[in-house]
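**Q** Sequence:
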Amino acid sequence: MTTLKVGDKAPNFEALDQQGNTIKLADYIGKKLVLFFYPKASTPGCTAEACNLRDNYHTFLAKGYEVLGVSADSAKRQQNFITKNELPFPLLADEDKTVINAYGVWGPKKFMGKEYEGIHRATFIIDEKGVLEEVITKVKTKVHTEQILGE
Numbered sequence: 000m001t002t003l004k005v006g007d008k009a010p011n012f013e014a015l016d017q018q019g020n021t022i023k024l025a026d027y028i029g030k031k032l033v034l035f036f037y038p039k040a041s042t043p044g045c046t047a048e049a050c051n052l053r054d055n056y057h058t059f060l061a062k063g064y065e066v067l068g069v070s071a072d073s074a075k076r077q078q079n080f081i082t083k084n085e086l087p088f089p090l091l092a093d094e095d096k097t098v099i100n101a102y103g104v105w106g107p108k109k110f111m112g113k114e115y116e117g118i119h120r121a122t123f124i125i126d127e128k129g130v131l132e133e134v135i136t137k138v139k140t141k142v143h144t145e146q147i148l149g150e
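Residue numbers (numbering that gives the first Met the number 0): 0 to 150.
Treat each hint with caution, since some may be false.
[As the list claims (entries may be wrong)] Distance condition first, Cα-Cα at most 16 Å in a straight line; then the derived EDC-like pairs of lysine to aspartate or glutamate:
#, residue 1, residue 2
1, LYS62, ASP126
2, LYS8, GLU133
3, LYS96, GLU116
4, LYS31, GLU133
5, LYS8, ASP126
6, LYS39, ASP126
[Stated by the list, open to error] Simulated restraints on C-beta separations:
#, residue 1, residue 2, range
7, ASP7, LYS75, 29 to 35 Å
8, LYS83, GLU127, 29 to 35 Å
9, GLY44, GLU85, 14 to 20 Å
10, LYS83, GLY149, 25 to 31 Å
11, GLY29, LYS109, 37 to 43 Å
12, TYR115, GLY29, 37 to 43 Å
13, LEU60, GLN18, 19 to 25 Å
14, GLY29, HIS57, 16 to 22 Å
Please keep in mind that the hints were generated in silico from the structure rather than gathered at the bench. The beta-carbon is built from N, C-alpha and C at its ideal position, and this holds for glycine as well.
Given the sequences, and given the hints that come with them, work out the whole structure.
**A** Below is the structure:
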């Protein structure tokens with residue numbers, strides 16, 4: 000799991016979103032960023048997490064936060080996830096795992112007694128200067144906004 004901690008400079012990234020737009024960390028300088036990594040679009044836990052962030056999106060914006068999701072899904076799968084759940088924020092299609100590896104969220108996982116490699120659900124709160132303000136590795140999908148904003 001990630002070795003990044005509060006106070007570290009957020010790893011720089013540049014990747015394509017669901018529509019093929021290039022998104023980079025530099026785009027968010029001067030804003031706070033909620034960067035959330037999730038294992039797979041349209042699965043129950045990932046849908047609960049994304050919809051919780053969607054339902055509170057205006058609160059994030061009002062507090063100066065942008066929201067950006069990342070998984071190794073294809074752009075088409077990310078777009079379907081957005082359309083199906085009316086997500087108002089972009090999702091990076093990090094198929095080559097460049098951003099995922101930069102944040103250290105790829106690694107061994109266990110599910111139903113089987114071990115495999117995959118994305119660990121994690122959220123990084125990045126401040127206006129590109130420094131990690133918070134690292135959440137025990138994500139509660141249904142109340143993730145409360146974890147982030149402490150409300």
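**Q** Run every hint past the structure and note whether it holds.
**A** Cross-check of the supplied hints:
1. LYS62 / ASP126: 12 Å, holds
2. LYS8 / GLU133: 11 Å, holds
3. LYS96 / GLU116: 12 Å, holds
4. LYS31 / GLU133: Given that 16 Å is the threshold and the Cα spacing comes to 11 Å, the pair holds.
5. LYS8 / ASP126: The hint holds at about 10 Å.
6. LYS39 / ASP126: Cα-Cα ~26 Å, so violated.
7. ASP7 / LYS75: 29 to 35 Å: 33 Å Cβ-Cβ, so the 29 to 35 Å window holds.
8. LYS83 / GLU127: 29 to 35 Å: Roughly 32 Å apart at Cβ, these two residues keep to the hinted range, so it holds.
9. GLY44 / GLU85: 14 to 20 Å: 18 Å, holds
10. LYS83 / GLY149: 25 to 31 Å: 30 Å, holds
11. GLY29 / LYS109: 37 to 43 Å: Once the Cβ atoms are compared, 40 Å apart, the range 37 to 43 Å for LYS109 and GLY29 holds.
12. TYR115 / GLY29: 37 to 43 Å: Roughly 39 Å apart at Cβ, these two residues keep to the hinted range, so it holds.
13. LEU60 / GLN18: 19 to 25 Å: 20 Å, holds
14. GLY29 / HIS57: 16 to 22 Å: 20 Å, holds
Checked against the numbered hints given earlier, the structure breaks only hint 6 and satisfies all the rest.
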